[in-house]
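Could you put the whole structure together from the sequences, leaning on the hints where they help?
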Amino acid sequence: MGSAATPRFRFGSLRHKEICVPFKIIASQCTGCSACEPLCPNVAISEKEGSFVIEATKCTECVGHFDEPQCVAACPVDNTCVVDTSLPRYQAPG
1 MGSAATPRFR FGSLRHKEIC VPFKIIASQC TGCSACEPLC PNVAISEKEG
51 SFVIEATKCT ECVGHFDEPQ CVAACPVDNT CVVDTSLPRY QAPG
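Counted the way full-length UniProt numbering counts, the sequence shown spans residues 1 to 94.
Please note that the accuracy of each hint is not assured.
Quick list of the computed label-pair ranges, beta carbon to beta carbon [to be verified]:
1) Pro88 / Gly32: 28 to 34 angstroms
2) Ser34 / Pro88: 27 to 33 angstroms
3) Pro88 / Gly50: 28 to 34 angstroms
4) Gly32 / Asp84: 15 to 21 angstroms
5) Lys58 / Ile26: 27 to 33 angstroms
6) Pro88 / Pro38: 24 to 30 angstroms
7) Ala35 / Pro88: 24 to 30 angstroms
8) Thr31 / Asp84: 16 to 22 angstroms
9) Ala56 / Ser28: 14 to 20 angstroms
Only pairs whose alpha carbons sit at most 35 angstroms apart, straight line, appear in this in silico DSBU-like list of lysine-lysine [as the list claims (entries may be wrong)]:
10) Lys24 / Lys48
11) Lys48 / Lys58
12) Lys58 / Lys24
Simulated from the structure, these hints should not be mistaken for lab results.
Backbone N, C-alpha and C fix where the C-beta goes; we use that ideal spot for every residue, glycine too.
Quick look at the structure:
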C-alpha cells in the first residue's frame with residue numbers, strides 16, 4: 001500500500017533492509033565450542049588460536065538465509081557475537 005519500510009533491528013544489529021554491518025566474536029569471551037562455525041551460510045567463521053573469528057568481508061548478518069544471525073543464535077555465551085561497529089555499513093550481496 002505504499003507505506004515506507006521501517007528499519008528492522010535485531011540482536012543489536014544496524015540492519016536496515018539489506019544494509020548490513022558485519023559481526024565479530026569477542027575473543028576473550030569465546031569458549032572455542034565451535035557451535036557457530038558450521039551454521040554460517042557464508043563460511044565466514046573460522047578457528048584461530050583457540051577461538052573463532054568472523055571474516056568481515058564475508059559476513060552478511062545471514063541476510064537472505066535466516067531471520068537472525070546464526071552465530072548469535074548458536075553461541076552459548078551472551079554478547080560474544082556482536083556487531084563490529086568499527087566497520088562501515090555495506091550493501092549485502094544478492
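Hints, verified against the model:
1. Pro88 / Gly32: 28 to 34 angstroms: At roughly 29 angstroms between Cβ atoms, glycine 32 and proline 88 fall inside 28 to 34 angstroms, so the hint holds.
2. Ser34 / Pro88: 27 to 33 angstroms: holds (29 angstroms)
3. Pro88 / Gly50: 28 to 34 angstroms: holds (29 angstroms)
4. Gly32 / Asp84: 15 to 21 angstroms: Because 20 angstroms falls inside the window, the suggested range holds.
5. Lys58 / Ile26: 27 to 33 angstroms: violated (18 angstroms)
6. Pro88 / Pro38: 24 to 30 angstroms: holds (28 angstroms)
7. Ala35 / Pro88: 24 to 30 angstroms: 28 angstroms Cβ-Cβ, so the 24 to 30 angstroms window holds.
8. Thr31 / Asp84: 16 to 22 angstroms: holds (20 angstroms)
9. Ala56 / Ser28: 14 to 20 angstroms: Holds, at about 18 angstroms.
10. Lys24 / Lys48: holds (13 angstroms)
11. Lys48 / Lys58: holds (16 angstroms)
12. Lys58 / Lys24: holds (11 angstroms)
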